[in-house]
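Trainee: Starting from the known structure of chain S, fit chain X onto it as the hints suggest.
Protein chains: 2
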Amino acid sequence: MTDEQVASLCGAVRDRFGPAGDHLEPAPAPALAGVELRPPRVSPPDSLTSLCRGDIYERALHAYGRSYRDVVRAYRREFPHPPDVVAYPTRESEVVDVLDWCAGANIAAVPFGGGSSVVGGVEYDPGDAHAGVCVLDLTAMDRVLEIDRSSRAARIQAGALGPVLEDQLRPHGLTLRHFPQSFEVSTLGGWLATRSGGHFATLYTHIDDLTESMRVVTPTGISESRRLPGSGAGPSPDRMFLGSEGALGVITEAWMRLQDRPRWKGSAGVRFSEFATAVDAVRVLSQSGLFPTNCRLLDATEALISAGVGDVPAGGALVVLGFESADHPVAELLDRALEITAAHGGVVPEGERKLSDEGDPSAGREGAAGAWRGSFIRAPYTRDGLVRCGVIAETFETAVTWDRFSELHATVTETVDGVLSKVCGGGWITCRFTHVYPDGPAPYFSVLAPGRPGDELAMWADVKQAASEALLAAGATITHHHAVGRDHDPWYRRQRPEPFGRALAAAKAALDPAGILNPGVIA
Amino acid sequence: MTDEQVASLCGAVRDRFGPAGDHLEPAPAPALAGVELRPPRVSPPDSLTSLCRGDIYERALHAYGRSYRDVVRAYRREFPHPPDVVAYPTRESEVVDVLDWCAGANIAAVPFGGGSSVVGGVEYDPGDAHAGVCVLDLTAMDRVLEIDRSSRAARIQAGALGPVLEDQLRPHGLTLRHFPQSFEVSTLGGWLATRSGGHFATLYTHIDDLTESMRVVTPTGISESRRLPGSGAGPSPDRMFLGSEGALGVITEAWMRLQDRPRWKGSAGVRFSEFATAVDAVRVLSQSGLFPTNCRLLDATEALISAGVGDVPAGGALVVLGFESADHPVAELLDRALEITAAHGGVVPEGERKLSDEGDPSAGREGAAGAWRGSFIRAPYTRDGLVRCGVIAETFETAVTWDRFSELHATVTETVDGVLSKVCGGGWITCRFTHVYPDGPAPYFSVLAPGRPGDELAMWADVKQAASEALLAAGATITHHHAVGRDHDPWYRRQRPEPFGRALAAAKAALDPAGILNPGVIA
Numbered sequence: 015m016t017d018e019q020v021a022s023l024c025g026a027v028r029d030r031f032g033p034a035g036d037h038l039e040p041a042p043a044p045a046l047a048g049v050e051l052r053p054p055r056v057s058p059p060d061s062l063t064s065l066c067r068g069d070i071y072e073r074a075l076h077a078y079g080r081s082y083r084d085v086v087r088a089y090r091r092e093f094p095h096p097p098d099v100v101a102y103p104t105r106e107s108e109v110v111d112v113l114d115w116c117a118g119a120n121i122a123a124v125p126f127g128g129g130s131s132v133v134g135g136v137e138y139d140p141g142d143a144h145a146g147v148c149v150l151d152l153t154a155m156d157r158v159l160e161i162d163r164s165s166r167a168a169r170i171q172a173g174a175l176g177p178v179l180e181d182q183l184r185p186h187g188l189t190l191r192h193f194p195q196s197f198e199v200s201t202l203g204g205w206l207a208t209r210s211g212g213h214f215a216t217l218y219t220h221i222d223d224l225t226e227s228m229r230v231v232t233p234t235g236i237s238e239s240r241r242l243p244g245s246g247a248g249p250s251p252d253r254m255f256l257g258s259e260g261a262l263g264v265i266t267e268a269w270m271r272l273q274d275r276p277r278w279k280g281s282a283g284v285r286f287s288e289f290a291t292a293v294d295a296v297r298v299l300s301q302s303g304l305f306p307t308n309c310r311l312l313d314a315t316e317a318l319i320s321a322g323v324g325d326v327p328a329g330g331a332l333v334v335l336g337f338e339s340a341d342h343p344v345a346e347l348l349d350r351a352l353e354i355t356a357a358h359g360g361v362v363p364e365g366e367r368k369l370s371d372e373g374d375p376s377a378g379r380e381g382a383a384g385a386w387r388g389s390f391i392r393a394p395y396t397r398d399g400l401v402r403c404g405v406i407a408e409t410f411e412t413a414v415t416w417d418r419f420s421e422l423h424a425t426v427t428e429t430v431d432g433v434l435s436k437v438c439g440g441g442w443i444t445c446r447f448t449h450v451y452p453d454g455p456a457p458y459f460s461v462l463a464p465g466r467p468g469d470e471l472a473m474w475a476d477v478k479q480a481a482s483e484a485l486l487a488a489g490a491t492i493t494h495h496h497a498v499g500r501d502h503d504p505w506y507r508r509q510r511p512e513p514f515g516r517a518l519a520a521a522k523a524a525l526d527p528a529g530i531l532n533p534g535v536i537a
Numbered sequence: 015m016t017d018e019q020v021a022s023l024c025g026a027v028r029d030r031f032g033p034a035g036d037h038l039e040p041a042p043a044p045a046l047a048g049v050e051l052r053p054p055r056v057s058p059p060d061s062l063t064s065l066c067r068g069d070i071y072e073r074a075l076h077a078y079g080r081s082y083r084d085v086v087r088a089y090r091r092e093f094p095h096p097p098d099v100v101a102y103p104t105r106e107s108e109v110v111d112v113l114d115w116c117a118g119a120n121i122a123a124v125p126f127g128g129g130s131s132v133v134g135g136v137e138y139d140p141g142d143a144h145a146g147v148c149v150l151d152l153t154a155m156d157r158v159l160e161i162d163r164s165s166r167a168a169r170i171q172a173g174a175l176g177p178v179l180e181d182q183l184r185p186h187g188l189t190l191r192h193f194p195q196s197f198e199v200s201t202l203g204g205w206l207a208t209r210s211g212g213h214f215a216t217l218y219t220h221i222d223d224l225t226e227s228m229r230v231v232t233p234t235g236i237s238e239s240r241r242l243p244g245s246g247a248g249p250s251p252d253r254m255f256l257g258s259e260g261a262l263g264v265i266t267e268a269w270m271r272l273q274d275r276p277r278w279k280g281s282a283g284v285r286f287s288e289f290a291t292a293v294d295a296v297r298v299l300s301q302s303g304l305f306p307t308n309c310r311l312l313d314a315t316e317a318l319i320s321a322g323v324g325d326v327p328a329g330g331a332l333v334v335l336g337f338e339s340a341d342h343p344v345a346e347l348l349d350r351a352l353e354i355t356a357a358h359g360g361v362v363p364e365g366e367r368k369l370s371d372e373g374d375p376s377a378g379r380e381g382a383a384g385a386w387r388g389s390f391i392r393a394p395y396t397r398d399g400l401v402r403c404g405v406i407a408e409t410f411e412t413a414v415t416w417d418r419f420s421e422l423h424a425t426v427t428e429t430v431d432g433v434l435s436k437v438c439g440g441g442w443i444t445c446r447f448t449h450v451y452p453d454g455p456a457p458y459f460s461v462l463a464p465g466r467p468g469d470e471l472a473m474w475a476d477v478k479q480a481a482s483e484a485l486l487a488a489g490a491t492i493t494h495h496h497a498v499g500r501d502h503d504p505w506y507r508r509q510r511p512e513p514f515g516r517a518l519a520a521a522k523a524a525l526d527p528a529g530i531l532n533p534g535v536i537a
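Protein chains in written order, with our numbering: chain S, 15 to 537; chain X, 15 to 537.
Chain S extracted, bound-state conformation:
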């Protein structure tokens, strides 16, 4: 964002926070000049120097992910735990070489993906446990290596960023159609390692479902699963590496299931005067077998802030519906979905039901659906602007069964509201659904509050702690698609079955006996 945009944003949030936000001021744009880093503790052997970078810029760039904490500290030019070395392997054998060096020299190896972690997944303080930290950045391995048109699948290197990958698929009329909010700055390998959530609000929600096979370099050998459309041969090998967050190996490539580019689209923005009936409508939709591509519920504040839709009554909700197909028109599906929402009191304003075939790509780009989509992609940039204004901006997300959602929503809102008024003197929390399943939604909460200069991280920690406890107490998961990292670790360990945790630790010890892979994460 430009300085002018930040100043304007700052004015807007001051107005909304009232007196508690009076002190907020835009800070200057961050710069790398003057940043000082601890000297590197280790340096790569001659055989690896051509792949490795040790300059301040590279080390600072790879010191953090993109969480609120990360952004605040970067603005403060605080980098207490920068990596000592950043390795850019250009082929798989170089990944093997880097891991060999790390294992031999007791250096922690942290796969970076695109560095979009919002959960402390890429920052490691080795203390006395490791001699140093080497970050692996695979963005030089970004090619689509092979396309199987008849099976609609492609072999893709793990370092490909979202747009890089889609650019290579487009000429073939194909698309992975996985668009996490971090799409522009995250990699296929990162999506796989963190079980990223994407474009489809129903059915193919996680990257897991789009994965045909994976190739993973572990310190004790390369694991390559067979390309299979389905299998029942023992526990799924891929499912062990999906979500392993760099703790079991470095993903180097994967065969991914692709989609034909959609020809027909339909969308609608449905207004509800009551949040609870909107939730009911979405529940029925999720169980209808219609499988809308988009099925996002936004509370009234969320609709205003994140989609700029101002006609949702206070206490009500906006439901953004979308259907798409490369095979058949979607009007019937959309209309049946709108029968369901209408039966729950949902209203579609004039012009908010859109349909298109190939000739008219505007469906889904106008009205509430279009507003939501545009703002969804801009949100991370807006967040960074808010941080510059001194605003505490946190999002957390979960999934829970339908029977427990109402209580979860109430307790999380009440708990976070309480912490905000006590700790920040104000602020607000909003809720939307990012994905929905027949047995429950994936609610996503956004928190904005005025920070006190210098105290922001402690204030954030109070909010995070309270919110996480509320999620766990309500029977929900500590994360639906943001991953675990180091920030969610305490709750993750309480959430997962204890025997499973032991099994996973044993699996890690078998694959990574030196314990160098992303220490402190997952296993």
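Each hint should be verified, as a subset may be incorrect.
[Unchecked claim] A partial selection of chain X residues facing chain S, derived with a Cβ cut-off under 10 Å:
id, residue
1, Ser239
2, Ser339
3, Glu353
Derived from the structure by calculation, the hints contain no laboratory data.
Backbone N, C-alpha and C fix where the C-beta goes; we use that ideal spot for every residue, glycine too.
Mentor: For chain X alone, coordinates are given in the frame of chain S:
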């Protein structure tokens, strides 16, 4: 089958095999009288005697699954490795007690499910490795314990057989809708442990997809995953136990995702004059996003034998399509599917396109679709009759990407044909698809051949060996839904990534340090 039915069946197959089948004669129905078993090597402690059975009937009944080898040996009254004890726990604490006893006394603990394993999953020869074998039969734990109507989920004990489970769901208007061929004689726990394949030909193919959470007794603690509609918190705990085939723990209950009972159904039987174009049609269907409930392709011989449909040209195929919904009419979906099949030359005979709503439940019960369904459920019984006639009857199944299917089909057919003519002097192999995915089908092969009395098992082993090698060489999986057991073990170990195998073995050692759980299977 009655003696008369078997005699009639025997005549029919003799006619079809020609001279190679002249010697086939129906054997007398099997009886338990005269069966002798090795004396039990171990007996349960006093605290467990009320749960345990050691009589010949129970031990013989739990000595085998239902594979061809098992049925042949049972007819011969050969039971070389019967369990020493059969335990019928009635509650979870008794499962814990049985495993404690087994771990302390070095007794192998083999979970039995319903005993429908066709891959040697429940027969264990302890040799000197274990003091004895205790089979756990959980069919006394068969209750639906809890129903969450709004999330459409139920907590169900693992010992429930298919019909027992559905009977308890029906009054609530709900159904698990998982109908493996073994439905009547297999349990929920068995389905979960073996990643069973069910009713849905697309989308929810394996029981995995219907699983919300699981509770598993391991020798070192109880693992219970959280009920969640979706999660991204590390590798999925459930996916480690799904497919673990009793090697990691005994599943005692699970929260399962349910369906509303369908109100609208539609079906059609489409004839193709060429097998290859039928395959193309099914590939396009699988990638259309229409998600038919049924989408089975049968080659001409398979159509005749297994569905009694005689009007499919030699070298052609029958595609059985079905749609169902509890929410909306399915005529549009069926018609779009039939446009796709017609574009590939598929023909629907007069009266073979059926639609019904609540008032007419006959759709899917008549025509080719109905014939296929009826015969699908009777097939295991027919197989047992064939074995009584001396026929070698084997089925094996796999999954493979679309680009490799044609070669797989050719090499498997040629390989097995070659073995049959060399070893059996005749016989035939047929192919159908049980499930289809956007990136490939799950082909299922049936083999029938005249056996030489006394040599059947050696002949079967030759066929099995050749078929399994052909599957692996073609890039397919050794099993899509029959599981691994002991029969597929050599190929399973070659198929799975070596590092994953080590990780799984380490996980097992952590959960089952005494190595008592279903030894020799999976881990």
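Trainee: If a hint holds in the structure, say so; if it doesn't, say that too.
Mentor: How the hints compare with the structure:
At its closest, the beta carbon of Ser239/X sits 6 Å from a beta carbon of chain S; the interface hint therefore holds under the 10 Å criterion. At about 5 Å, the closest approach between the beta carbon of Ser339/X and any beta carbon in chain S falls short of 10 Å, and the interface hint on this residue holds. The interface hint given for Glu353/X is met, as the beta carbon of that residue sits about 9 Å from the closest beta carbon of chain S, less than 10 Å.
Hint violations for this structure: none, all hints satisfied.
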